[in-house]
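Enquirer: Spelled out, the chains give:
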Amino acid sequence: MAVHIAVCMKQVPDPEGPQSSFEIDAQKNRVVPRGLPPVANPYDENALEAAIRIKEAQGARITLLSMGKGLSRAVLLKAMGTGVDDAVLIDADGLEAQELDSYTSARLLAAALRKDDYDLILTGRQASDTNAGQVGLCIAQMLGIPAISVARKVEVSGDRVEVESILPDGFMRVEAPLPALVTVSHEVGELRYPSLLAIKEAKKLPVVSLSIEDLGVETGPGLVVMRSVAAPSRERRCTMVAAESAAVAGEKLADLLIAERVV
Amino acid sequence: MSAISEDKVIILAEVDEGSGLSRLSRELVGVAARLASETGAILEAIVLGSGIEAAARELISLGVRKVFTADHPSLAEYNPDTYQAVLEDQLRESGPLTLLAGHTSLAQDLLPRVAAAFGAGLVTDCVGVETAGGNPVFIKPVFGGNAVARLDVTTPLRMATVRARVSAAPEAATSAEGEVISLEPRGVEPRVRVMESVKEQGSVRLETAGVVVAGGRGIGGGDGFDRLGELADLLGGAVGASRPPCDSGWMPSTSQVGITGKIVAPDLYVAVAISGSSQHLSGMSESVKIVAVNQDADAYIFKVADYGVAGDWKQVIPAVTESLRKHLSS
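Residue numbers (the numbering used here), protein chains in the order written: chain A, 1 to 263; chain B, 1 to 330.
Worth flagging that the hints you see were computed from the coordinates, not collected in a lab. Incorrect hints may have been included.
Think about it this way: if two alpha-carbon atoms lie no more than 25 Å apart in a straight line, the pair counts; the simulated DSS-like pairs of lysine-lysine are [to be verified]:
#: 1; chain 1: A; residue 1: LYS252; chain 2: A; residue 2: LYS55
#: 2; chain 1: A; residue 1: LYS252; chain 2: B; residue 2: LYS314
#: 3; chain 1: B; residue 1: LYS326; chain 2: A; residue 2: LYS252
#: 4; chain 1: A; residue 1: LYS78; chain 2: A; residue 2: LYS28
#: 5; chain 1: A; residue 1: LYS203; chain 2: A; residue 2: LYS115
#: 6; chain 1: B; residue 1: LYS289; chain 2: A; residue 2: LYS252
#: 7; chain 1: A; residue 1: LYS204; chain 2: A; residue 2: LYS115
#: 8; chain 1: B; residue 1: LYS199; chain 2: A; residue 2: LYS153
#: 9; chain 1: B; residue 1: LYS199; chain 2: A; residue 2: LYS252
#: 10; chain 1: B; residue 1: LYS303; chain 2: B; residue 2: LYS314
#: 11; chain 1: A; residue 1: LYS203; chain 2: A; residue 2: LYS78
#: 12; chain 1: A; residue 1: LYS252; chain 2: A; residue 2: LYS153
#: 13; chain 1: A; residue 1: LYS55; chain 2: A; residue 2: LYS203
#: 14; chain 1: A; residue 1: LYS69; chain 2: A; residue 2: LYS55
#: 15; chain 1: B; residue 1: LYS326; chain 2: B; residue 2: LYS314
Work the whole structure out from these sequences, hints included.
Expert: In structure tokens form, the structure reads like this:
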């Protein structure tokens, strides 16, 4: 029987936006993205790409699981058009952003995942807004299944998942019995583009919508709470070195670095 | 004995190849000692591995009075299942405490599991730890480094991973006294099996290099990075890259500097043909001095640099290298 893969996908403000578009609301301790469209978290897209490659290699059913406040249908359809079979959506509109920390998010997603039988759960290595990198591994702990993090390659072989996991100076080959969870890094490769027809067809795919109540998870104040947020202070006064040619500017730069004892 | 258990700060220390304490773990002692003194907490450490007596003694020389060691051949290589069991046994039934680890691949893999098991608040990738009202406040970049958050952890067990160079390592004192307590790891049959570890060619210890010469999309290909390598070699440094050259296969992914790659803070960072995306800046903006070379005079990288040349790097970098070579050989 084909493996059943769940891919968890968060929607985030486009991380490629310029710094000026991430406005700081110091009063409410939050970051307000200005003029940035929601996109699928890029690492979650990599996770979906990994799932599609497994499906191409040996067949699989791919369920997309997404949770958020006011999920963008356009973002969902674009992802679903790449090779997803069905979707589970969790409407978190009733929750405050402060309540949705990594731990609570993982509890809600784990509760949704318990409602079906999955052989393999894939998530991105981290979300591009919180940069926390916790939810995937927390889900595995809550479900009591093995987890492997930061994959650059994911393959299913029989009843096992075989993963190349990234290390600071290389990688390691790791395997675990299914069901298992793997967090995926961008080295897997970018998610393919769906055709316009596939996006249109995706509208017909089965979707299960769940509310927080449906999941039976008590929510409350987060374990990690934002005290304040500020813009990063990393700007410096730059001494520009100019000359009649780029090569001479290079020589002058070297002289300056020597004079100021930088080298 | 007091009825209320005292607050603790526990360092999850890591050993380097060669069994000494890692540089980041030594720095972490500095972070943890300050936090412990500001919050009136007891400072302890835990080390897991095989043949780690030297690392335990080093922790004591740096001022940690009580070091727990899980020293066993089965812990020689990191495995999430075996390491998690040891750490959970140590933290279970403990009173309020803050567990600090380096923001390493080991801690990023291990701590979320433990946090989920205990329902504990975890803050990853901290660039600072402060105190307010006797409690720790964790500082970390969010939104790809476009904002910096100060976070409270509301659970009695607080956990955090801390970046390199947040603190200097304390001076070692050979006369320092302390206690080493060995833990007996419980036999756990790991579900996750490591088949082999592969070192990638050309991978460099970017995190420890004093000089990093990094290239971006504008380098145009692998050959260009050889030019950067000449400058790096001259200065005894390492070559890094922003994300596009790694995605394009010009450089191995182990060379990537940025929020999902290496976090570096060398004495000198030379950013060549790098525009300065937030996710890259978040991995190098703590460098002592930053030099930027970019064709585009309006590139954001110049705003975060100390020295800049707006020009073609193919002209600038060889000229810099030659001038420095003459200076260094004279």
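Enquirer: Which hints, by number, does the structure contradict?
Expert: Numbers 1, 4, 9, 12, 14 - these are the hints that the structure violates, sorted from lowest upward.
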